[in-house]
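Trainee: Residue-level listing of the chains:
4 protein chains.
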Amino acid sequence: MSHFNYLDGSKLKNPVLVAGFPGIANIGKLAVEYLIHRLEATKFAELYSEYFPEWTIQEGDTLKTLKMDFFRARPPALKHDLLLVTSDAQAATPLGQYVLTGETLDFAKKHGTETVITMAAYVLSQNEPVNKRVMGAASHSELNELLEKHGVSLINGGMIVGMNGLLPALAASRGMRGFCLLGTTKGGLLDVEASEAILRVLQAILGFEVDLQELHQHALYFPKLKPILKSSREFEDELSYIR
Amino acid sequence: MSHFNYLDGSKLKNPVLVAGFPGIANIGKLAVEYLIHRLEATKFAELYSEYFPEWTIQEGDTLKTLKMDFFRARPPALKHDLLLVTSDAQAATPLGQYVLTGETLDFAKKHGTETVITMAAYVLSQNEPVNKRVMGAASHSELNELLEKHGVSLINGGMIVGMNGLLPALAASRGMRGFCLLGTTKGGLLDVEASEAILRVLQAILGFEVDLQELHQHALYFPKLKPILKSSREFEDELSYIR
Amino acid sequence: MSHFNYLDGSKLKNPVLVAGFPGIANIGKLAVEYLIHRLEATKFAELYSEYFPEWTIQEGDTLKTLKMDFFRARPPALKHDLLLVTSDAQAATPLGQYVLTGETLDFAKKHGTETVITMAAYVLSQNEPVNKRVMGAASHSELNELLEKHGVSLINGGMIVGMNGLLPALAASRGMRGFCLLGTTKGGLLDVEASEAILRVLQAILGFEVDLQELHQHALYFPKLKPILKSSREFEDELSYIR
Amino acid sequence: MSHFNYLDGSKLKNPVLVAGFPGIANIGKLAVEYLIHRLEATKFAELYSEYFPEWTIQEGDTLKTLKMDFFRARPPALKHDLLLVTSDAQAATPLGQYVLTGETLDFAKKHGTETVITMAAYVLSQNEPVNKRVMGAASHSELNELLEKHGVSLINGGMIVGMNGLLPALAASRGMRGFCLLGTTKGGLLDVEASEAILRVLQAILGFEVDLQELHQHALYFPKLKPILKSSREFEDELSYIR
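Residue numbers (the working numbering), protein chains in the order written: chain A, 1 to 243; chain B, 1 to 243; chain C, 1 to 243; chain D, 1 to 243.
No copy labels: a pair is met if it fits in one copy or bridges any two.
Straight-line alpha carbon distances no greater than 30 Å define the calculated DSS-like cross-link-like pairs of lysine-lysine that follow:
1) LYS110 to LYS64
2) LYS64 to LYS109
3) LYS64 to LYS186
4) LYS64 to LYS149
5) LYS43 to LYS13
6) LYS149 to LYS109
7) LYS109 to LYS11
8) LYS79 to LYS109
Please keep in mind that the hints were generated in silico from the structure rather than gathered at the bench.
Modelling step: build the complete structure from the supplied sequences, incorporating the hints.
Mentor: Structure follows, in structure tokens:
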């Protein structure tokens, strides 16, 4: 029931998938959107799916259902492409998270992807000190070494909920590999420092560099949406009223 | 698992779909029901679906499961039909909202529909002043101009939950177009002024007119249903009792 | 994913389906179980389904998953059979309620059923006086007359949640007809008077009689089950702990 | 959407399935993990499924989605194998519990299993005295006798939620048989005494013995995981914020 909408017929060159979805402090989403902005990435494809929440939002000035967006970019220093991925929301159900992850991985593999990277949050408890740094976890042991070499602390136990963990974990079952970079945070709507920290690590690992000076300024325009309509189902539950 | 029940074999002429579902202040549902009443619309078809809540209600004096109702009408000033759509409830799950929207759009397209309009609520926060007016959003930029020309303020960000947004948004992916008219409201069971405001805009856009004098009186008979039986599932959860 | 387990190869004669499921005050379930007891009904079939809750209970001294039970009986005064139906629980989801209802109706129709009757509760608000009586609703207008002739007050608006309403309502779409008898109640675990009231009406309508003297005594043995194990999912949610 | 990953091509000899899943006081899971440890069991297969929660965890030092693990072992005293089963979590939905149970039973039957045993908790209310002992229930009456002969008190009414009950109950419908051993507990994260009690009964019934001295020490290393990332869906619900 999902479908991909291709916007660009160009062939990708060994693209590394780099994803950041809406979530706690929007660490991953801000990071990916900044890369899209700075690298002047081109929209490559959209994934529409009935597994998203039943919401409609404005994109530009028109109404759209929720989707996942795939952008391609080639930083000057690299000989391969980046496939930058973000979405308007995560799937509405646990099953939906599995389905969207599988569709994303199949799509990426078809276009030559071998490595899948997600960026997200590592939430600290209220009393834990924020030593700004990046935590990580990977699908293969050799990637752990790579992460540690770049100053990433490997997580030790714990679980990751949703596509940020499913993408690298299920990459392995498709013959790919993956890891996630988790910026430590106390939460909130945005944590720009955490986004900056994982971007620095990402660039060091992949071997490219974009100017991060504008990140704080870019964050000011991070879209902030308020819901217009509550679910009428909830509404009916409250009022015990149906027609 | 859904099925359409046709009640009328007549052919529709380029029908514009105008929908209003149960929801906050029942703004859209009251508006559509008033049009059905004033235009002496004819029931054209019913859509039954297992995606509705598992409720039964009385229609006339007999028990019916929940359904969507499609009426056809031709206001004297128009050379095309209206396909007036309402329902007893919205779907029970997010996936169900997508499914019912898709089935409604396929049905409408099959009968010649090119434009899909939904009417619903735009909820103001408690302290926001109620400047009675109509907000809107559309599937195509050129429709935004049309809306603004008729005094509709375009929403700027925010999201629409459920079929009121999905219908116009997914119309585009089927080669149709659509928009929604949202009456500002503080909520409650009914907001007759909001219904009236969107009806005035709808008529101006489509080029027909019905007498709105009776709308307040008609609202007095808006059906008010109380639940008889709570879900026995909830009941069992409370009592930890199963047989 | 559901399947019927036949326990008796005998042919039913125009059976009237009479169902009572677990629910508020177990009015319908007690009524059906008393009929099964007094009429010495024979177990005819069982319906197992993955749409039931994921619970296991003891039947006799062995573990069973939840199921629906179909018994056949022939009261001396009748020239047709009764198909007495009850279950251990209702379905776990709204969709499941539709599915189990459809499977039950298809099964009944296959065995010659033309009339489907459900017995359940009509919950009064705390301040409403309990005038012990029976409310009703039907799939066809002519059945309303029959109900009223036997002292049943027709409900006027309101909705019925779950299979008690879906069975008679969806009977019509399969060429059958049906009604429900709702005993007024304030709730609680059992309301024996309400069960008795609907049994009196049922017998008058169908034209048979069983001794209701033992009903109160029978109710003392109505099974009362306590849960042993809470869902481990809930448990994990509470403790944020997974392995 | 589930799939088995075989890690060992060896043929099992009439394996008795012994399962313990995460749950209250992790009584069953600890018991199975201790058997795996003491019997130096070999990983035989893994079951991955989209019906698990959408979580990722570390196994060793790499990211994995949730799964069910099947180990084979042959205690010296036995002439048949044990198929030791545990999982990282139970299924995310009631339907998922049925599906994973069915897949596990089909897998076990294919490998020659005739008997299915689950180990779990029997939760006492706060005021009930903890007479450390083992409760049980079975798919067939003759198994009840076996259980009682080994000091197991049969449960009398009540229900079992999830795979601990579904596995033995649905074994019967596949021509197998099964029972569950429930250690009485007040709850908590671990109840080592309860695990020990069911292991003593299990060994007596199956006719093998492992040293239980190390059980308490082994329990100290029972994995304790904290979630890193809350569901971003919940997060969005709280903040009414989507992109």
